[in-house]
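Undergrad: Sequence lines, in order, name chains A and B. FYI, the working numbering numbers position 74 of the first sequence as 74, with every residue one higher than the one before it. Add 1000 to a position in the second sequence, counting from 1, and you land on the number used in the working numbering.
Some hints could be false.
What the hints assert, rightly or not - Here are the simulated lysine-lysine pairs, BS3-like style, with alpha carbons at most 25 Å apart:
no.: 1; chain 1: B; residue 1: K1260; chain 2: A; residue 2: K30
no.: 2; chain 1: A; residue 1: K94; chain 2: A; residue 2: K80
no.: 3; chain 1: B; residue 1: K1477; chain 2: A; residue 2: K80
no.: 4; chain 1: B; residue 1: K1113; chain 2: B; residue 2: K1048
no.: 5; chain 1: A; residue 1: K18; chain 2: B; residue 2: K1344
no.: 6; chain 1: B; residue 1: K1061; chain 2: B; residue 2: K1038
no.: 7; chain 1: A; residue 1: K86; chain 2: B; residue 2: K1050
no.: 8; chain 1: A; residue 1: K86; chain 2: B; residue 2: K1113
no.: 9; chain 1: A; residue 1: K80; chain 2: B; residue 2: K1463
no.: 10; chain 1: A; residue 1: K80; chain 2: B; residue 2: K1050
Hints were generated in silico from the structure; no laboratory data involved. Treat the numbers as computed from the prediction; the structure is a model and nothing was measured.
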Amino acid sequence: MANVIDDETIEYVGILAKLDLSPEEREAAKKDMGRMLDYIDKLAELDTEGVEPMSHIFPVQNVFREDVVTNGDDSANILKNAPGCKDNMFRVPKTFA
Amino acid sequence: MDILELTAVELSEKIRGGEIRVRDAVEAVFERIDGTEKELNCYVTLEKEKALARAEEVQAKIDAGELTGPLAGVPMAIKDNLCTEGTLTTCSSKILENFVPTYSAEAVRNLEKAGVVIIGKTNMDEFAMGSTTETSYFGATKNPRDPGHVPGGSSGGSAAAVAAGECFAALGSDTGGSIRQPASYCGVVGMKPTYGTVSRYGLIAYGSSLDQIGPLTKDVRDCATVLEAIASHDAKDSTSLERDDLDFTSALTEDVKGMKIGIPRDYFREGLDPEVKQAVLSAAKVLEERGAVVEQFDLSLVEYAIPTYYTIAAAEASSNLERFDGIKYGFRAEEDSLHPMYKKTRSQGFGPEVKRRIMLGSFVLSSGYYDAYYIKALKVKALIKEAFDRAFEKYDVILAPVAPTTAPKLGDSLSDPMKMYLADIYTISVNLAGLPAISVPCAADEKGLPIGLQIIGACFQEKKIIRAAYTFEQSRKQEDRIHG
């Protein structure tokens, strides 16, 4: 395999992805990602010099509207699915050690 | 009369004509569900009580002449990644196992306005990542045509439910083939419209630049009718298009005289099952006999579609799924401080395929790799779009297989994710180029498993697709009548 994903890279990707991987998951992820990247490397065969990257298929830019309030206070609904809430706010575990 | 043999449009006609009560239709569906659901597992959530109450409400509106549309009274199912107010919406993931939306997706609202009765939420690959519905946290769905086989995916629950008579029609979503491929495997009709035609408001995002909602139905008429009902411009989705040609049912005519049909030679090379190949080429013959002009051509870049797709979809997924962190909704793992809680929640809440794609996406977007992978993929996407643009200068529609094979056996694809990815080769480029495409049943293989025919159109050309699909479907029905 051309792409070898080392421990450091998988550690870094774990941080970016906010995932805690078990040792087995980590080994599997190294292999899977290496294989996928080998496959994606196929794109390097194509000459894309001067091609504009296309993020949207239609030539649309930002869609603007007047900044007018159309909704009311929806906080009760918004908090309905929260795993924890208190005094009309989301409740989270402590953020400082 | 067996109510379940009717199409959605036929059912609504009989309901509006006073021949069938909405309640009877809903009860017929639940009776079928009682018989087959245990084996097939099409649904994550069933809402019988709500559906029966809604049936009375719809019936009253029909009786009062307030609901007159072609879907009034029809029991339908919704893929579990579309938000439904007051009804569990899980994306078939543990991380959303307890999520009850406080609003409904725009497409769902449009169906409700049309008088549809929603009966439940269908199973899918977790977060729509997969092609078999086996990555669901709630167990695999089985193919009603042969329960030893997968229904396809990711909208496998929707396709199977329609095929099994566990609903009259369903909504799915299609990011790389997730409506068309299960439609093909289950022998139903499935359509992905032009990107932007159906509002994505309330669709839990996977690859936002590729995701589109569309119908899974018993026939082409139902498909056009459901699409007409759900398509609308919506200010709540900034990629929603303003179109004045959403009268898709006007294209239900048997007429392909002079229609130019292109068959991409490069879709018919290695990897394509000979029975599927034969079925698609025979379908082309049928349309040719009805007056279409069929020609083979080279589409080019076919082998680059999958790597392009997986780069872009994984990148967008890693960003879209960042929101699932145990704060605002869904599952939260117990942990004393914030950051470890995020990680534990996500690690316990997501399944292996979702983690695989989030990690790949995080990697291709990370500094140092962004240009080489992500930007490169966006450039190749531009080239793929150009290749289709060139083809549509010459052809009205493109005819293709939907998948290289018929439905694989349960368990065969999960063991090798790369193999599963490769099965998306004929559907994926359609999403990259934003095109509309349909899957319509065209034959069965030796084992009796259905084969779908894919008809692809240029952007905004859904009507040409519907016309070709309808003509083909009617020709096939006549054939069946002649040969029994």
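Undergrad: So, for every hint listed, does it hold in this structure?
TA: Now for the hints, and whether the structure bears them out:
no. : hint                : result
1   : K1260(B) / K30(A)   : 48 Å, violated
2   : K94(A) / K80(A)     : 21 Å, holds
3   : K1477(B) / K80(A)   : 51 Å, violated
4   : K1113(B) / K1048(B) : 20 Å, holds
5   : K18(A) / K1344(B)   : 9 Å, holds
6   : K1061(B) / K1038(B) : 34 Å, violated
7   : K86(A) / K1050(B)   : 31 Å, violated
8   : K86(A) / K1113(B)   : 37 Å, violated
9   : K80(A) / K1463(B)   : 42 Å, violated
10  : K80(A) / K1050(B)   : 21 Å, holds
Hint compliance for this structure: hints 1, 3, 6, 7, 8, 9 are not met, and every other hint is.
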